[in-house]
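Novice: What follows is the residue order along each chain.
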Amino acid sequence: MSEEQKVARVLVVDDEEVVHASLRRILSKKGHEVVTVFSARAALDSLGGGERFDIVITDLMMPGMNGIDLMQALRSRGVQAPVIMITGYPTIKTAVQAMRLGARDYISKPFTRKELLGPVLRALRQEEAAAALETEPAADAPDPGSLLPGATVYLPHHSWARFEQDGHFSVGIEPSFLGAVGPVVAIAMVNEVGLVEQGAVSVRLTNEAGEEHGVAMPLSGQVAAVNTEALASPGEVTADTWLLRVLPSHLDDEVGNLKLR
Amino acid sequence: MIFESQAALKERIEELTPRRVYGAVDVTEDTSDYMSILGGSVLRLDGDDYFVMGDTKEGRFGIEDQPKFWVKYAVDLTSGQSKIIKLVFNEQFTTTMAGIKIQCRRNPRKEADVLAAVVGSPHFMQGRSLTDRAGNLVRIIDFVPGPNLFNHLVQLDVQHEQYFHEVLPDLMRRVIPAIEAMAGLHRRELHHGDVRNDHLLLRTGTTDAVWIDFDYEVNFSDYDVWSMGNVIGFIVGKGIHTFHDVVQHPEAYPGPASVLDEHDAMVLFRNRIANLRKLFPYIPRELNDILMRFSVGTISFYDGLEDQVADLRTIFGE
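Top line first, the protein sequences correspond to chains A and B. If you're matching positions, the first sequence starts at 1 in our numbering and goes up one per residue. If you're matching positions, the second sequence starts at 1 in our numbering and goes up one per residue.
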């Protein structure tokens with residue numbers, strides 16, 4: 001995935017002017033175009049009028065329609081732009097609800113510039129990765145039923161997954177990705193050991209220049225093991241090194257997005 | 001009371017503790033530099049002298065014990081009672097749980113407020129707060145004898161099925177009143193902030209379970225409600241069971257590991273399994289349903305601890 005900055009159109013939905021000003025200041029500095037509205041209804045009107053946005057950032061608690069209702073309304077109207085939820089009253093319950101409905105991130109106020117920009121950049125990159133997947137020819141996509149232990153599938157330019165005898169997939173990094181990054185000095189998991197998601201960045205490499213590069217995962221599922229030795233010796237990681245072992249959760253649905261080696 | 005002379009201090013220390021005093025006793029009234037307050041010294045706070053025995057330690061999940069330099073074992077030289085003295089340690093960090101960032105910080109004022117609110121409750125550590133000469137908010141905590149829940153369960157040398165039938169019911173009946181007490185704390189708009197297995201002590205010689213350590217403050221108002229699921233799951237499972245455990249040691253589980261999926265994970269710790277009935281098929285559905293309300297797949301969220309208590313009581317009784 002390119003680390004180049006993509007310029008995006010961002011719709012900000014919040015009933016507080018001070019939040020509009022804050023988000024506009026942070027996102028405009030990165031070159032993004034920011035449109036602000038004060039209510040979910042106004043957001044729907046804007047989108048219904050044919051406007052297109054790359055990302056929607058919405059407050060959770062607003063008079064009238066709240067952020068979760070807005071997200072559901074967007075999806076029911078076919079608007080697939082990633083949604084980032086922000087709230088001044090964070091609860092685990094609303095976070096789980098929001099993420100389950102497809103919110104890309106859930107940010108509690110007050111947030112720092114970095115805490116906002118991280119999720120925005122990630123959402124943009126994920127959209128790019130998804131678009132890249134859609135444009136890949138499907139001719140050599142493997143048939144899930146014919147996938148045998150030992151077979152390797154890969155997410156082009158990111159990562160590969162090898163079907164192991166015990167039902168797990170070992171996951172490593174594609175040679176083209178490693179080649180583009182150059183000498184690696186650090187490897188880190190983006191989140192705690194847990195779930196990984198196809199197309200989402202779960203491993204981050206840092207190269208000698210100090211640049212960070214996120215590796216998108218080939219499959220969604222539960223992480224059963226992490227190769228801690230590899231993480232401790234980043235300079236020795238090659239395209240053959242496994243980094244994670246994943247118990248896939250949506251193999252049948254996702255394998256069609258991959259290519260067979 | 002204050003022991004004004006070195007001779008009086010020496011005599012009292014040697015009377016109450018096994019320590020022998022050979023030189024002058026260092027007396028500290030400003031606790032700002034907690035690292036320099038060593039075992040063998042005396043803290044003089046709010047008109048009382050406390051003899052410092054040493055730093056407390058915290059060890060979890062096989063990690064070697066880490067000293068907590070800001071928390072001292074001490075003896076109240078007036079009463080002779082063991083105390084834990086918590087000094088001001090400003091720590092703030094962000095952690096990621098359930099895919100969301102949670103801000104945590106230690107807040108001595110919040111712990112002092114909880115201490116004041118739970119006076120007399122057998123289910124919370126007891127103590128008082130005071131300010132030292134430099135204005136630091138110090139908490140003087142009564143020592144609670146007994147193992148924490150984590151150590152208690154990992155040291156039990158019985159198979160899960162035997163544990164489940166013979167140990168769990170009484171243990172759960174011991175813990176439910178502590179959860180209920182926490183619900184009472186929430187009604188007063190206060191929170192624990194760090195509900196976990198090693199913050200619940202089983203007081204020796206009683207049937208009380210006692211919550212300790214209230215200084216963490218998190219920015220999610222229902223964090224206690226969800227983290228209580230980890231405690232309940234820990235008790236039912238007689239420990240933590242991760243997907244990694246099941247894959248590496250399927251023979252340790254009577255249930256078929258192959259039927260697990262991602263919806264069986266705990267919301268807060270997604271490497272842990274909430275759906276323990278898949279691992280231990282003799283866990284009744286009603287109990288497993290409680291655990292599943294803390295799972296990634298849940299559609300029925302607990303809004304408060306009262307509901308958890310009510311559901312647990314339908315299974316384990318009053």
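Misleading hints may appear alongside valid ones.
[Claimed, not checked] Computed footprint of chain A on chain B; a stretch qualifies when at least three of its residues, placed anywhere within it, have a C-beta under 8 Å from a C-beta of chain A:
#	segment
1	15-27
2	145-151
3	222-234
4	266-277
[Said to hold, decoys possible] Below are the BS3-like pairs computed for lysine-lysine, each with C-alpha atoms no more than 30 Å apart in a straight line:
#	chain 1	residue 1	chain 2	residue 2
5	B	Lys110	A	Lys114
6	A	Lys93	B	Lys57
7	B	Lys68	B	Lys57
8	A	Lys109	B	Lys57
These aren't lab readings, by the way, just hints derived from the structure by calculation. Note that the Cβ used here is the ideal one computed from N, Cα and C, for glycine as well.
Novice: Looking back at the numbered hints, which does the structure fail to meet, lowest number first?
Specialist: Of the numbered hints, 1, 2, 6 and 8 do not hold.
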